[in-house]
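Novice: Sequence:
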Amino acid sequence: MRRPAVMLLVLVGCAGTPPAPSGAKTQGLAAQPSPAGASVSDITLGNYPGPGKHSFSSDRGQVVVIDAWATWCAPCVRSLPQLQALRRDYAKRGVRVYAVSVDEDRAQIPSFLAAARVDLPVLLDPGGFVLEDKLKLKQMPTTWVVDRNGHVRYTQESFDGNLEDIRAQVDALLKDGQ
Numbered sequence: 062m063r064r065p066a067v068m069l070l071v072l073v074g075c076a077g078t079p080p081a082p083s084g085a086k087t088q089g090l091a092a093q094p095s096p097a098g099a100s101v102s103d104i105t106l107g108n109y110p111g112p113g114k115h116s117f118s119s120d121r122g123q124v125v126v127i128d129a130w131a132t133w134c135a136p137c138v139r140s141l142p143q144l145q146a147l148r149r150d151y152a153k154r155g156v157r158v159y160a161v162s163v164d165e166d167r168a169q170i171p172s173f174l175a176a177a178r179v180d181l182p183v184l185l186d187p188g189g190f191v192l193e194d195k196l197k198l199k200q201m202p203t204t205w206v207v208d209r210n211g212h213v214r215y216t217q218e219s220f221d222g223n224l225e226d227i228r229a230q231v232d233a234l235l236k237d238g239q
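Numbering (my numbering), first residue to last: 62 to 239.
Heads up, some of the hints might be wrong.
To be verified - Lysine to aspartate or glutamate pairs mimicking DMTMM-like chemistry, simulated, CA-CA at most 20 Å apart: (1) Lys236 <-> Asp150; (2) Lys153 <-> Asp180; (3) Lys199 <-> Asp164; (4) Lys199 <-> Asp150.
Keep in mind the hints are simulated off the structure, nothing from the lab.
Generate the whole structure from the sequences, applying the supplied hints.
Specialist: This is the structure we're talking about:
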């Protein structure tokens, strides 16, 4: 019963006009509140392609960027190469970047990643239910910046062509030691 509603929200979000990042104002209305302060430490997702799971509690002490995407989401296709560049640019500073696929069928993931030339660490949340429950995922793509204590500090819904706001948030956390 819940599955169609979640997928409808994600599909509508993926197809819609990109909203401003959380906390910003758009057309005189405040954007939806982000889960600022929400903890990712209790989130565990499947590893791709291999077996096992990844718990974000293992990233404590590092700044983390988490991006929810899917093979059928056009803005996601454009954002992943930029996330790849972000990972490369910040790797020596200890920033970890994860691409979380919400595809229910993982069969298309390998060819998608090869075509996009992306080799980010990929985690699996089929249907997006864990991210929807824990981080209030509403549309695709959504990117969260997480501080060293495992708390969400910034959320960006959709993709407007660049990751400058994400980079600014990462820089601020690195500068503040958070």
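Novice: Confirm or reject each hint.
Specialist: Status of each hint after checking the structure:
1. Lys236 <-> Asp150: holds, 15 Å
2. Lys153 <-> Asp180: With a Cα-Cα distance of about 17 Å, the restraint between lysine 153 and aspartate 180 holds, given a limit of 20 Å.
3. Lys199 <-> Asp164: Roughly 15 Å between the alpha carbons, so the hint for lysine 199 and aspartate 164 holds.
4. Lys199 <-> Asp150: violated, 28 Å
In summary, the one numbered hint that this structure violates is 4.
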